[in-house]
Amino acid sequence: MSSASAQVSTVRWLKRAAFAVLVVAVIYGLGALLESTAIEYVQRIVLLAGINVILAVGLNLINGTTGQFSIGHAGFMAVGAYAAAFFGTKLHPWLIGLLGAGACADALTFNLALCIGALFAGAAGLVVGIPTLRLRGDYLAVVTLGFGEIIRIVFNNARALGAATGYSGDDPAGLPAYTNFFWVYLWATLLVTGLAHLTFSQTGRSLTAIREDEIAAEAMAIPTTRLKVLAFTVSAATAGVAGGLFAHMQSGIRPEDFKFEKSIDMVVMIIVGGLGSISGAVVGGIFVAVTLEVMRDLSQYRLVLYALLLIIIMLVRPQGLFGARELPSVLRRLRGPRTKESS
Amino acid sequence: MTEFIQQVINGLSLGSIYALIALGYTMVYGILRLINFAHGEVFMVGAYAGYYAASAFGIDAYERGGRAFPLVLAVAVLLLAMAAAAALGTTIELLAYRPVRKAPRLTPLITAIGVSLFLQNAGMLVFGPNPRRYPPILKEVPFEIGGVIVTNIKVTIFVVALALMTALRFFVLGTWTGRAMRAVSIHPDAARLMGIDVDRTIRACFAIGSALAAAGGILFGLDQIMINPLMGVLTGLKAFVAAVLGGIGSIPGAVLGGVLIGLAEQLTAGYLSPDYRDAITFVILILVLMLKPEGLLGVVKQEKV
Chain D
88 MSSASAQVST
98 VRWLKRAAFA
108 VLVVAVIYGL
118 GALLESTAIE
128 YVQRIVLLAG
138 INVILAVGLN
148 LINGTTGQFS
158 IGHAGFMAVG
168 AYAAAFFGTK
178 LHPWLIGLLG
188 AGACADALTF
198 NLALCIGALF
208 AGAAGLVVGI
218 PTLRLRGDYL
228 AVVTLGFGEI
238 IRIVFNNARA
248 LGAATGYSGD
258 DPAGLPAYTN
268 FFWVYLWATL
278 LVTGLAHLTF
288 SQTGRSLTAI
298 REDEIAAEAM
308 AIPTTRLKVL
318 AFTVSAATAG
328 VAGGLFAHMQ
338 SGIRPEDFKF
348 EKSIDMVVMI
358 IVGGLGSISG
368 AVVGGIFVAV
378 TLEVMRDLSQ
388 YRLVLYALLL
398 IIIMLVRPQG
408 LFGARELPSV
418 LRRLRGPRTK
428 ESS
Chain Z
6 MTEFIQQVIN
16 GLSLGSIYAL
26 IALGYTMVYG
36 ILRLINFAHG
46 EVFMVGAYAG
56 YYAASAFGID
66 AYERGGRAFP
76 LVLAVAVLLL
86 AMAAAAALGT
96 TIELLAYRPV
106 RKAPRLTPLI
116 TAIGVSLFLQ
126 NAGMLVFGPN
136 PRRYPPILKE
146 VPFEIGGVIV
156 TNIKVTIFVV
166 ALALMTALRF
176 FVLGTWTGRA
186 MRAVSIHPDA
196 ARLMGIDVDR
206 TIRACFAIGS
216 ALAAAGGILF
226 GLDQIMINPL
236 MGVLTGLKAF
246 VAAVLGGIGS
256 IPGAVLGGVL
266 IGLAEQLTAG
276 YLSPDYRDAI
286 TFVILILVLM
296 LKPEGLLGVV
306 KQEKV
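Protein sequence lines correspond, in order, to chains D and Z.
Each position in the first sequence, counted from 1, maps to that position plus 87 in our numbering.
Each position in the second sequence, counted from 1, maps to that position plus 5 in our numbering.
Honestly, I wouldn't trust all of these hints.
What the hints assert, rightly or not - Straight-line distance between alpha carbons at most 25 Å, and here's what the computed SDA-like set of lysine to any residue pairs gives:
hint : chain 1 : residue 1 : chain 2 : residue 2
1    : D       : Lys-349   : D       : Arg-383
2    : D       : Lys-346   : Z       : Asp-280
3    : Z       : Lys-107   : D       : Val-316
4    : D       : Lys-349   : Z       : Tyr-281
5    : D       : Lys-349   : Z       : Arg-282
6    : D       : Lys-349   : Z       : Lys-297
7    : D       : Lys-349   : Z       : Leu-239
8    : Z       : Lys-297   : D       : Ile-217
9    : Z       : Lys-297   : D       : Arg-383
Said to hold, decoys possible - From the derived model, a few chain D residues whose C-beta atoms are all more than 12 Å from chain Z:
hint : residue
10   : Lys-102
11   : Ala-112
12   : Ile-132
13   : Pro-180
14   : Leu-185
15   : Asp-193
16   : Pro-218
17   : Val-229
18   : Thr-252
19   : Asn-267
20   : Leu-277
21   : Gly-291
22   : Leu-379
23   : Met-401
24   : Pro-405
25   : Gln-406
Since the hints were made in silico from the structure, they are not lab data.
Virtual Cβ for every residue (Gly too), placed ideally from N, Cα, C.
Here chain Z stands alone, though its shape is the one from the complex (with noise of 0.2 Å):
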């Protein structure tokens, strides 16, 4: 029993990040009917952003000296890597998809490829290919509760998820920015129509979605404690399904989403085998579409000609 719990815990962290990633899919796809690719170099490249800036405030001297690093500067670097990230999704909106946003459906979704298989490689020259340790932005405090080991690093992991996702649903339902985009999700000429700035809306959905993921970003590098320049593949692949195994298009169903994914990949590396953790999402993306391809809080929507 207490072995599940231990497991139940490391997934309900690992989710939290997920879920950080999926709301940025969730969120590009209800405006622009666009699957981000690039969405999982962005968080890659937040994760560096955050190495960096963590670099520059000289982590390495207080680790060097034993001290812990001052929880303001770990604030600083989580900010400072959103701000890096936002600015990286909107230029990519701006150059990339902006111009092919008239295009047929599937011009966009290679641009996509494009842009993401770009920032990898790109990612590989600039980072390096081989994989680096994450610096201690947190000092890990291993701690138990009945038996079960807990670090303060995962509870900070789902606090920080947590609080971003509340802030999140508060933006998206309270503010007029928040406002316009559900608009120009349900329907973007008459939110035109309405006034509304579509272009600025989709830029702030960009901007909102890669801060997010630099987040995720920042917590799976003081998680892993590795981070490589293609680390964005499989973890962006993972919360693309999350987010459709949420319903795509839904905030909520992002966050349920990437919780779940997150509980199925460490109970079948647990229980079943190490090797087939990863294989596990692609079999609940095929269950998925099977059966409920809308998702668990998605709603049906009949196509129109």
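Next up, chain D with everything else stripped away, as it sits in the complex (with noise of 0.2 Å):
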């Protein structure tokens, strides 16, 4: 009995192994593919589009799932960026000596200066939830953004981190541009997935508790602080991981990149696809990277078509593209009426 229960769960892991092992080559051909036929303007975009993507999901664990808003996640995004930078420099000597230079030192220091960027960015976020997750929601919104100013300023001033002029690592020639499609859309997928499974267990149910009504959610005898903080953090951390991958496109990071317009982009790519729908953010992450490349020549009019669609999507359609719903059941909808299904 327990032989055959175990050998089952063998068969269950090895399929999703080889699934992973599937997905991973996918992504690697795709990357491929792109890199020998795109020219570099739409691979930086495509590029932006995935980054984009890990921000919207982050930040729709917060903002859409639990209901509580912050609008300053450029802040954790910048913390990501310089950590991985500044780590990413200092790990990579070390890492040469321990295997050598080469493909290989290269890989493992981007994934590691992106875990460390996720972890200063979750600290981050750990230590502004702990004060305000407390209160009511938007209260958290003028922390939020409050401490991206201020994350801003300190960077601004940080003479180890280059000040104004930006952290470049301590190569004359730049940070190195480890950043390609592989490894932006590996972890894409990694967090998205990862996103998804917390959204839908229980704890991602009680964080939609949380978000429907907090005082039931507390009756029901969920921890209702614990939970935010813990979104908060993931939610913090994951716009980290899109720092690091975002220093690492270019040459070097300066406190101007992260601004509270960045905030706002990613904002406008949750409520876009819908608050609440991860389905929905990947799509707003894709929508903000190509109309941000799109409206590049009408930059002065691009922030009022921004605050315009804003405007209107909340005075129209304020759930969203998605709404909450998820790709899978909008496809059922749409595939055939309603009444098929329950009969």
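Grab the two chains, each in its own frame, and use the hints to assemble them into the complex.
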């Protein structure tokens, strides 16, 4: 009996491993295809879209699923970017000494740097979250906004990190360009899958309960403050990974890269897609990356249009493109009328 | 010691500007439970309205001729800007906030952020992104009291702010509209049952808050000399923190909070480092939220299901 169930679980485990290998191979193949065919401009948009997806899905956990409102996630992205860039720079020579120079040391440095970025951003999220998440949602909005500003002021004055001119590592050529299609989309896949699992787990249901009615959730013995802080920390750490990927896309990072506008971009992503929907966040992230590039020539009108978009969505369709639904349920509804399903 | 008094005087005049803006935040929050993010932008538009009104009254000619701008015209500039801002505030309320008043809390908040961004960027397009020198509606006359240098502008700021806040106090406590405002902020539905026109009361709230912000905008222009379309962002945030510090929803609290934030900012700039003058506000905000979330003069309100 027990050996049979063990066998089943081994088979399931093997299937999952095979699926994971397949996904990695597909991402690798797509990356190679893209890098050999597309022009650099398109490649850049594709990379930014992937980073946006990570940002949007992370922000969606706190703003959409949990119903708290952060409008300072650019601050956590900045913490992740600076931490990843700094520790990446310091780790690299040491890892080369250990493994010898080459792709292996580079990849290890990059992924370790991203993890460190996530760690630091998550810690920042914890520090901000503990005092504010005991309070009502709109205070959080202001505190995160203020925190984003403080972070920027601190980086602007941190001489060890290049102050206002930004940080570009020890190499005069700037930060190494580790970020490519493979790593961006591997991390995006990992994080989207992970956050989807979290959202649909019991913890995720509790988070949704907090969004719907915090007092009722508390009456159901849900530890609201602890879960809110957890969601906020995870969300901040996710933004940190995105920051690390973003940092290694260009030769240096500057405090201006993480201004309030960046936070608003993230909010637009999840609102376009639909607060609380992971599929919506993915679509919104891609939408913003593409429209930002298309509207590059209209840069002065860009934010006016963005703001109008935000207001109009709120007035006309506050639930966004997907509402709180996910892609499979939307497809099911599109395929046929509901009566068939229920019969 | 003289330096300390100097900083305190600067802090008081800056703080009274924050207090004027904070009143708008606290009135709207008290009545709608909405952080009106666009309030900082109303302040900015008020400053620009004053700028254009002063130009229309030919302040350039007075300046070139070396004559002082007549006091009557200066008052007219102030009143015109206040009227323009009141019109803007009520329009925002009508077009953006009224449709989402009954929606879940997050919807009006996002709408408010959208309006704020819209006005910032529309301001960049209409007024131009570059800072402008504010016209000298008042001619600066410095004088010295016991080694401390005070300008007539600082005194005027303090006096005008104090006068407006006193007027507001009498308005809220003494008039029917003011009484209606207090009733709606306590319980909107009960107020409606008592025959109060809630829509009209909310509109009055926005009009008064916006007019005070415009007065703050003109005083800010006089004090800081330069204005730009993004000046409302940080100033608005600081004023909001002032409202939270004093206890959001409380009118005396907003005044107290504004003055305290102004003082804290000046003293940080003077004694620690000017780089951190903007950061101190947010440190105060986080401390208040941790230690006394209802603010200094606020009342603890138990939330009910």
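Checked hints:
no., hint, result
1, D:Lys-349 to D:Arg-383, "15 Å, holds"
2, D:Lys-346 to Z:Asp-280, "17 Å, holds"
3, Z:Lys-107 to D:Val-316, "28 Å, violated"
4, D:Lys-349 to Z:Tyr-281, "22 Å, holds"
5, D:Lys-349 to Z:Arg-282, "23 Å, holds"
6, D:Lys-349 to Z:Lys-297, "31 Å, violated"
7, D:Lys-349 to Z:Leu-239, "16 Å, holds"
8, Z:Lys-297 to D:Ile-217, "15 Å, holds"
9, Z:Lys-297 to D:Arg-383, "45 Å, violated"
10, Lys-102, "40 Å, holds"
11, Ala-112, "41 Å, holds"
12, Ile-132, "23 Å, holds"
13, Pro-180, "33 Å, holds"
14, Leu-185, "40 Å, holds"
15, Asp-193, "37 Å, holds"
16, Pro-218, "4 Å, violated"
17, Val-229, "6 Å, violated"
18, Thr-252, "15 Å, holds"
19, Asn-267, "33 Å, holds"
20, Leu-277, "29 Å, holds"
21, Gly-291, "19 Å, holds"
22, Leu-379, "15 Å, holds"
23, Met-401, "4 Å, violated"
24, Pro-405, "5 Å, violated"
25, Gln-406, "10 Å, violated"
Violated hints, listed in ascending order, are 3, 6, 9, 16, 17, 23, 24, 25; each of the other numbered hints is respected by the structure.
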